[in-house]
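These protein sequence lines are chains H and E, in that order. Note that the first sequence covers residues 14 to 294 in our numbering. Note that the second sequence covers residues 189 to 245 in our numbering.
Derived by calculation from the structure, the hints in this document are not laboratory data. It cannot be assumed that every hint is accurate.
What the hints assert, rightly or not - Under 7 Å between C-beta atoms, here's a sample of chain H residues computed to sit facing chain E:
1) 122
2) 161
3) 176
4) 179
Remember, it's a predicted structure, so these values are computed and weren't measured experimentally. Here a beta-carbon is modelled for each residue, glycine too, at the ideal position from N, C-alpha and C.
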Amino acid sequence: MAMSIPFLGYGLGLRNEYYEQILEQSPAVDWFEVISENYLVQGGKALYYLDAIAERYPLVMHGVSLSIGGPHALDTDYLKQIRQLAERIQPAWVSDHLCWSRGSAHQLHDLLPLPYTEESLYHVAARVRQVQDVLERPLVLENVSSYVRSKADEFTEWEFLNALAHLSGCQLLLDVNNVYVSSRNHGFDAWTFIRNLPPQSIRQLHLAGHMDYGDYVVDTHDHPVCDPVWDLYQQTLEHLGPVSTLLERADHFPPFEELLTELSKARELGAMALARRSLCA
Amino acid sequence: MRLTDWQLAFEQHLLSETPVANSGFAATLLGGPTLDVDTGLAIYHNAYISVAGRLAA
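Okay, chain H solo, but in the shape it has when bound:
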């Protein structure tokens, strides 16, 4: 499923807290990422704003409940709704997470880690292909933060992502913050993770904040991006070249101007990293 990857620039997560400001002020944001599940409704205010914003900005759809690694059958009604939303707003791509979030009988409300085994690999790859058949487009999968890992692991997380992209044709949403969080929690080198991913498969980057408890780090997405993640982000762009970048905030929403300021920082640091890359080429 080879295809060229467009560079959308620097985007923000679309949140209802900011709808009015976006429409009134047309801020300098290159694109918005929408949480797919927020718009799987028939009519109403959310879709009204989404349609209005879709007329002015490129959009990307980002899901949180696909549960691509789950033990249950894929939810075909959910997939059809995702497809319908994609037909409606024509996103540049559709993403979700490499995780499982639904168990045998319950929605578990979290992005749970998978064992990185051959069994998981073939299970997930088959389901990715199913999803792609319904959506008729590549699925983009994001690495999640984790706090435990399985003793049965046969691959590192980056080896697993490589193999999954190869087997299924999926693309990758590299969350730089999540790599940092997991690297601190599990004691691996974050740069080793990133430089070993297949560059041609990386469609998007996420930047976000977390809570640092000293001995461990919890991915909360409710703080500004910290300096080590900014450093890793620049190193990533120097390595990869331009990749569409999204500044994510999932809670403790600040005034919109604060997010715009942080997005400007991403843009400046990104430009510097890409300039260094050009000098070294």
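Since the structure of chain H is already known, use the hints to place chain E on it.
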């Protein structure tokens, strides 16, 4: 342990009343240099309880 059995054990941990996992499931996991398995599992358990509680309210 098969993938589905491991996931079922993880699910049972999240749905249990205590953030401390049963020793059989915990024995299938690794923590990190300064993050032990019990703390890692408690992070997941607390997150589940927090969201499930919000949704039930």
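Here is what the structure says about each hint:
Hint status for residue 122 (chain H) relative to chain E: holds, with the closest Cβ pair at about 4 Å, below 7 Å. Taking 7 Å as the C-beta cut-off, the interface hint given for residue 161 (chain H) holds, the closest approach to chain E being about 4 Å. For residue 176 (chain H), the suggested interface contact is broken, since its CB lies about 16 Å from the closest CB of chain E, more than 7 Å. With a least beta-carbon distance of about 20 Å to chain E, the hint placing residue 179 (chain H) at the interface is violated under the 7 Å criterion.
In summary, the numbered hints that this structure violates are 3, 4.
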